[in-house]
Amino acid sequence: GSGGADKPPAAAGTSRPAEMTDVGVAASAIAGVANLFLAQESDLFKAENLNVEPDFVKFTPDIVAAVVGGSDAFGHINTATLLQALEANVPIQIVSPGYVGEAAESGIYVAKGSTITSIRDLEGKRIGVAGLKNIQQIAIMATAGEAGADPTKFEFVEIAVPTMVTAVERGQVDAVALPEPFVTLAGGQLTEVVDNMYEGFGSHPLITYYITSDRYAADHPEVVRAFGNAMVEAQDLAQQNPDRVRKAVAGYTEIPEDVVGRMALPSWTTNLQPATLERQAEFLVEYGFLKQMPADLDKLFASAQGQQ
Amino acid sequence: MTYGSGPTAVEAIRDVSFSIRPGEFVCIVGPSGCGKTTLLKSIAGLLRPTHGTALIQGRVVDGPPEQLALVFQEYTRSLLPWLTVRRNVELPLKARREKRDECASRTVDALHAVGLSGFEDKYPWQLSGGMQQRAAIARAIAYRPAVLLMDEPFASVDAQTRADLEDLLLRVQQETGVTVVFVTHDIDEAVYLGHRVIVLSGRPTVVRETVDVPMGWPRDQVATKADPRFVELRTHVLRQIHRERTEHPPQTH
Amino acid sequence: MTYGSGPTAVEAIRDVSFSIRPGEFVCIVGPSGCGKTTLLKSIAGLLRPTHGTALIQGRVVDGPPEQLALVFQEYTRSLLPWLTVRRNVELPLKARREKRDECASRTVDALHAVGLSGFEDKYPWQLSGGMQQRAAIARAIAYRPAVLLMDEPFASVDAQTRADLEDLLLRVQQETGVTVVFVTHDIDEAVYLGHRVIVLSGRPTVVRETVDVPMGWPRDQVATKADPRFVELRTHVLRQIHRERTEHPPQTH
Amino acid sequence: MLLLTAMWEAASRFGVVPARDFPPATVILKTFLEDVQTSSLLNSVKESLSAWALGLAIVTVTAVPIGLAVGSLRVLDRATQLLIELVRPIPTVALLPLLILLYGTGLQLALVLVVLAAFWPLLIQTIYGVRDVDPVTLDTGRSYGLGGVRQYWHIVIPSSLPYVATGMRLAATIALVVAIAASLIAGGSGLGAAISNAAGSGASDLMYARILVAGLLGLAVTTVFLRLERRLLRWHHSHREVPA
Amino acid sequence: MTRALSRFALPLALPVTMAVVWWFASSGSTSVYYPPLRDDVRAFADAWLFDQVDSDLVPSMIRFATGFGIAVVLGITMGTALGISARARRALSPVTEFFRAMPIAALVPAGLIMLGAGARMEAALIAFGSTWPILLSTTDGVRATDPAMVEMGRSYGLSRAARVRRVIIPSALPQVFAGLRIALALALQVMIIANMLSGTNGLGYVVLEAQRTFNIPGMWAGILALALLGLTVNLVFVAVEHRVLAWHRGWRAAELRND
Ligand SMILES: Nc1ncnc2c1ncn2[C@@H]1O[C@H](COP(=O)(O)OP(=O)(O)OP(=O)(O)O)[C@@H](O)[C@H]1O
Ligand SMILES: Nc1ncnc2c1ncn2[C@@H]1O[C@H](COP(=O)(O)OP(=O)(O)OP(=O)(O)O)[C@@H](O)[C@H]1O
Ligand SMILES: [Mg+2]
Ligand SMILES: [Mg+2]
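Just so you know, the sequences run in chain order A, B, C, D and E.
According to our numbering, the stretch in the first sequence is residues 1 to 308, in order.
According to our numbering, the stretch in the second sequence is residues 1001 to 1253, in order.
According to our numbering, the stretch in the third sequence is residues 2001 to 2253, in order.
According to our numbering, the stretch in the fourth sequence is residues 3001 to 3244, in order.
According to our numbering, the stretch in the fifth sequence is residues 4001 to 4259, in order.
These aren't lab readings, by the way, just hints derived from the structure by calculation.
Do not rely on the hints blindly, as some may be mistaken.
Cut-off 20 Å, straight-line C-alpha distance, at most; resulting in silico cross-link-like pairs (EDC-like, lysine to aspartate or glutamate) [as the list claims (entries may be wrong)]:
(1) K291(A) / E4241(E)
(2) K291(A) / D4039(E)
(3) K2225(C) / D2188(C)
(4) K2225(C) / D1188(B)
(5) K1225(B) / E2209(C)
(6) K58(A) / D43(A)
(7) K3046(D) / D3077(D)
(8) K1225(B) / D2188(C)
(9) K3030(D) / E257(A)
(10) K2225(C) / D1164(B)
(11) K133(A) / E19(A)
(12) K3030(D) / D3205(D)
(13) K291(A) / E278(A)
(14) K46(A) / E19(A)
Which residues of chain D face chain A? A partial, calculated answer using Cβ under 8 Å [unchecked claim]:
(15) A3011
(16) G3015
(17) P3018
(18) A3019
(19) R3020
(20) D3021
(21) S3039
(22) L3095
(23) G3104
(24) L3107
(25) I3185
(26) A3198
(27) A3199
(28) G3200
(29) S3201
(30) A3203
Glycine included, every Cβ here is placed at the ideal spot set by N, Cα and C.
Please put together the full structure from these sequences, using the hints given.
Structural data, given as structure tokens:
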């Protein structure tokens, strides 16, 4: 495969499971996992002797539990969840990179005619996010801090994504971190005040990873390697074929056809971005969502597939 | 009056026509299962007859008339188990918005009259069968109804208490002029108490005979029952019932 | 035997000692609320006496003895509303694993004997009060118990039916030699039926007198009741009760 | 029902509620009619229903006997009282990660959730039902020598049947709600996942169409149970025909 | 003495045994998800004695009380109406049965839009979730009223309202209490779900946040707090029931049971 450039060739792809293996991947049903479907369609998994079954789970701690408990071999979670799980000594490790969210889910929106025009105006305001102490909140705080605002003065409230547009229109919150497809669905009824809330993490930051449990990795190293290899290939495949991504998304979600055609897509990278993760960890510590910096982040990437 | 429909329907009463004057004391006797309870419930407006009508003072009964009290054959189930005896007796009075003092004193009097003083604060299920029956009677008496329907009200009390209660009832009837319809299986009791005794046949039920009791008032357990007219009447009624039995042996439906 | 404790406790029975021979027919009379039902339930092992013991054939009763049948004063509540009359009568037989045919025929016979033929497939709540009571009697008879306890079993039936049931009971007793303890308020009935009549006092309850009935068997409604010994005995018992009444007027607890 | 639908339609059409979030009833109905013909929806309904049926069966064979025992034996009642009351309010959602750890995210999890939720209503109703058995009825059984198992079979169970029936109907719907919610929250491929997928895709008409399916399933379930109950409790005065 | 023993020691025996077993079985645990009970208890002491009482427990309790209160009133009044009138039952029960099967989690978005996030929404959800058992039990309890008692009320001229208040409702009370008992635990559960899907504070929120941030002892501590809260509420409830249904216990056990 194209991944694992820095790895010895032995690790990269020669050893795959001897026979066809079924693996479950716990993930949320979002556009960011479209590459799973592309890889399955294009027989990338088959080539590694894998048969992948996506298993849609709504909440991230449940994804982690499904992986640790062994009902799914792999899981797809965001960096904040990953770091918090690691701090709690949850026995998981990174397998391969996930996606970059900046195009598809990075906008902060306010109601038409709102006095808020920049991220700094959000001080003292209520901002709706999908989950508290999670990735969006941290990203917004980081980006705001970089822009010179005082993020500790932001008030975050958790709010179900499908209700975000109405909530901000009705003034239940002042701003929302709205992901796709709801941006497209809103059809310009809201005003965008922040284009990329992940700016604070650096440019094109990776915000999710595929993980597995330590136990699974120890018991089935060949499956883990094979999955990682296929996924790294799938990253490129997805990044280069937006039309196929849209088709896949239309298949496993209920997003109406015309919206799928117009909505912004996330982007995929084969780069594991250890530095970005470290940076995110620093922010988490700074805002009190982690007690201390994780000891050896580097080790986390040691057996992962992708470019370091 | 027919219960149910189709092949298993039971015709409880066929043709029972009689009228009762205000202030009259009418006793009803008849074989078990002939429809006495059904009849009382129809008069009370608790059942709607399938044929015919019940009239009270010329008006068709289509719901329980006012100022009516009913002592049920199933006295146990008609006492509310969550109320003490006192509250059970008071309940209809209170619902009628009697004054509180009035309620209390009438209740005490009625319970005393039936020999339940001292049991006011017991629950019905703490009483013996006969005591429960007397509690139900006390409730009816305390209510001072215009029409009093009683369904075998003395079935569970001993002979002595029964006599006392009979006399109590007669006294109340004399004093208040209440109209009483009284179902009993005791022919002596029927003749002793009533202005009239209505004898019902077995099912399909019709009025077999109406017997006027020409004896005067007040009546007395010893004197009245020794009265030759009394003896003659009770023998007559008994003979009627006996003949009924032989003419129409107890039949299945 | 005391219900409850503390100041509101009711001493239902104080000192009631008597013994019953196998095959004997004993009638118990006593004022309402004196503890007759309590006594029967103690014999049946349904209540555990607070003082004293009940013995059956020398063995202490600490649970319902075998081959015992009880006709409850609250017959309505003792019939199972989810079973038809037939099934109600059959239930104890089936539970004792009688043969199916045997169950069926005994049930039919017993229901016929109490005059309920044709009502086998009705539910108890589709019957009149007296019919329910007869169903409960049928259940006891079909069971062919060794000991039969009956608590005012004929209270809700008419005079004619009552006489028939009395004779039925006597016949059954003669034929099967069952021991019967029979509570009634009807003194005539007690003297007519029993080998012995036990007269209880008012509460605190003691045995006031035990009256032997020296008349022979079989008995007959007309002949026996016309027997001068019968008349004398019943007058004697009545006088006892009357005297009891005046010596110990109905008291509160 | 019609009235409610009409009100909904009007509210949505005239903008009392945002049509984006509350599409008009007619639109939902149209989507519903299209959606119920798809095999994927039928499959998800089937999956939820199998979790429901299996879970309810397990609950029935456990809760009723335990309820009978606890309701009639004071020692057992005392011994389990505190424990039951400690365990009962623990919400299964709070334990979700643990349950997923143990049972994964599939049918087994849904089953566990259904059992945990539907067990209590049936248990409590059964206990109360046993406590409401008429002592005269019990004594009748005892005096005729019906002891042990027979006493339960012939007296206690039929007597408490009205309560148990209420408990069954409660348990049946709660089980259905949970069978659906399980896949809504924890993933899988049941009806809940279908609802959640529609919600997450911003297809609110589809979401309501599928909620409608849930409601109709509930209606069907209770109707069936009511029928059954009417047969079984013919004798009980709450089901008797009123004399003509 | 023995009576006191069976009254107090017996109920405690099982939970205490289980706690002891748990304590020792888990004491050496290194699993993240099953931390030693010691840690859970410490986390419980830290959080709930009495740090988060003001910020989370009290708001939860208020929402709970409001929601449950609404459910009681709605459930009993509607249940009585449905129980008394066959016509009401025919007209309304399709609607109630339909809504009863709504997965509450799916309704949250709609609720959020109409009521916004926060206390009002949560109270409404709690009410919605816990009304059904009360409604159903009340309906069935009312229908099961002994017809002899109702006839008594009718013949003595009790008005319809008086019959409902003085005869039908008291007679349905044992069933109603069974429903309330079920609803009570259900309300606590819905409180957590509501918290989970719309919350910003409250007991359920704390548990879920602990869960999300993999603070597993914190999660167990919250669950412990919930269990104790549930127990307390239930004990209060049982005490009330014990008083209100004293007659029922006597009636249904109207015998000398020597124990
Ligand atoms: N709910 C019912 N359903 C069907 N049939 C009934 C019902 N209630 C009474 N019956 C029938 O109606 C007839 C008359 O019953 P009713 O109770 O009026 O008799 P009764 O004269 O009061 O008898 P008793 O002296 O035994 O009390 C009986 O044959 C009984 O079987
Ligand atoms: N469950 C109970 N709790 C308290 N006291 C009771 C209870 N049952 C009966 N008693 C009392 O015990 C006494 C005897 O009752 P019992 O039922 O044995 O009388 P009885 O002789 O059968 O009367 P009756 O002829 O009226 O049926 C009564 O005074 C009654 O008040
Ligand atoms: Mg009658
Ligand atoms: Mg008695």
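Verification of the hints:
1. K291(A) / E4241(E): 48 Å, violated
2. K291(A) / D4039(E): 18 Å, holds
3. K2225(C) / D2188(C): This hinted pair holds, its Cα atoms lying about 8 Å apart.
4. K2225(C) / D1188(B): 17 Å, holds
5. K1225(B) / E2209(C): Given pair K1225(B), E2209(C) is violated - Cα atoms ~28 Å apart, limit 20 Å.
6. K58(A) / D43(A): 27 Å, violated
7. K3046(D) / D3077(D): With Cα atoms ~38 Å apart, K3046(D) and D3077(D) exceed 20 Å; violated.
8. K1225(B) / D2188(C): Roughly 17 Å between the alpha carbons, so the hint for K1225(B) and D2188(C) holds.
9. K3030(D) / E257(A): 18 Å, holds
10. K2225(C) / D1164(B): 25 Å, violated
11. K133(A) / E19(A): Outside the cut-off at roughly 42 Å; violated.
12. K3030(D) / D3205(D): 9 Å, holds
13. K291(A) / E278(A): Within the cut-off at roughly 14 Å; holds.
14. K46(A) / E19(A): 10 Å, holds
15. A3011: 14 Å, violated
16. G3015: Since the shortest Cβ distance to chain A is 12 Å, the answer is violated.
17. P3018: Given a least distance of 5 Å, the restraint on P3018(D) holds.
18. A3019: Where the cut-off is 8 Å and the nearest Cβ of chain A is about 11 Å from A3019(D), the hint is violated.
19. R3020: Hint holds; R3020(D) Cβ to chain A Cβ min 7 Å, cut 8 Å.
20. D3021: 5 Å, holds
21. S3039: Where the cut-off is 8 Å and the nearest Cβ of chain A is about 14 Å from S3039(D), the hint is violated.
22. L3095: It is violated, given that the least Cβ distance between L3095(D) and chain A is near 10 Å, above 8 Å.
23. G3104: 3 Å, holds
24. L3107: Violated, about 11 Å.
25. I3185: OK, holds: I3185(D) within 8 Å of chain A, min 6 Å.
26. A3198: For A3198(D), the interface hint holds, since the closest Cβ of chain A sits about 5 Å away, which is under 8 Å.
27. A3199: It holds, given that the least Cβ distance between A3199(D) and chain A is near 5 Å, below 8 Å.
28. G3200: Holds, because the Cβ-Cβ distance from G3200(D) to chain A comes to roughly 6 Å (cut-off 8 Å).
29. S3201: Interface hint status for S3201(D): holds (4 Å vs cutoff 8 Å).
30. A3203: 5 Å, holds
Hints 1, 5, 6, 7, 10, 11, 15, 16, 18, 21, 22 and 24, counting from the list given before, are not met by this structure.
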